[in-house]
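> Per this note's numbering, the sequence shown starts with residue 1, numbered consecutively.
Treat the hints with care, since some could be wrong.
Computed Cβ-Cβ distance ranges for the label pairs, DEER-style [claimed, not checked]:
(1) GLY149 - GLU18: 29 to 35 Å
(2) SER104 - GLY149: 32 to 38 Å
(3) GLY105 - PRO53: 36 to 42 Å
(4) SER104 - ALA34: 34 to 40 Å
Because the hints were derived from the structure by calculation, they are not lab data.
For each residue, glycine too, the CB sits at the ideal point set by N, CA and C.
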Amino acid sequence: MRLIVCPGSAVETLLAREPVDHVLTLASPDAEVAARDVPATVLRFNDITEPRPGLISPSAEMIRTVITLGQELPAEATLLVHCFAGVSRSPAAAYVLACAASASGDEASIAQRLRMVSPKATPNALMVSLADQILHRGGAMSAAIAAIGRGADAYEGDVIDWTLGGPARA
């Protein structure tokens with residue numbers, strides 16, 4: 001599967017120039033989400049790494065939805081994954097999808113690949129932790145994300161073009 005990971009500001013441009021089979025939108029609870037001509041999944045939660053009063057945390061059910069989407073799309077499909085800034089939630093979803101499509105033990109190399117193509121990415125640690133539990137990775141996913149550290153400060157992340165099982169590129 002091909003993943004295109006981006007900030008919300010790049011979605012329309014990418015949809016106009018790239019053949020996309022499905023869009024995964026990771027939006028804040030009150031954010032407007034444009035209707036699209038492409039099949040879409042919208043998950044609404046705040047970009048937080050621990051539960052906070054008045055905010056909606058990512059849940060295990062939401063992360064299962066991400067994993068299931070990756071499993072159900074054909075291997076040749078292109079999935080566009082975006083959040084508002086393209087720094088935390090969408091890179092976390094891409095990392096989760098890449099780990100779910102790879103053997104246990106590949107978590108660190110996948111995280112390093114993500115860092116290489118997106119120096120700005122700071123994958124949402126709570127999303128990764130939930131996926132780590134769901135995929136029975138024994139903390140390896142969370143440890144790998146912690147090892148790459150916080151990305152460079154940025155208002156928006158990079159557009160990432162990543163074929164699962166192949167190299168990612170910015």
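> Just pull the numbers of the violated hints for me, sorted ascending.
Of the numbered hints, just 2 does not hold.
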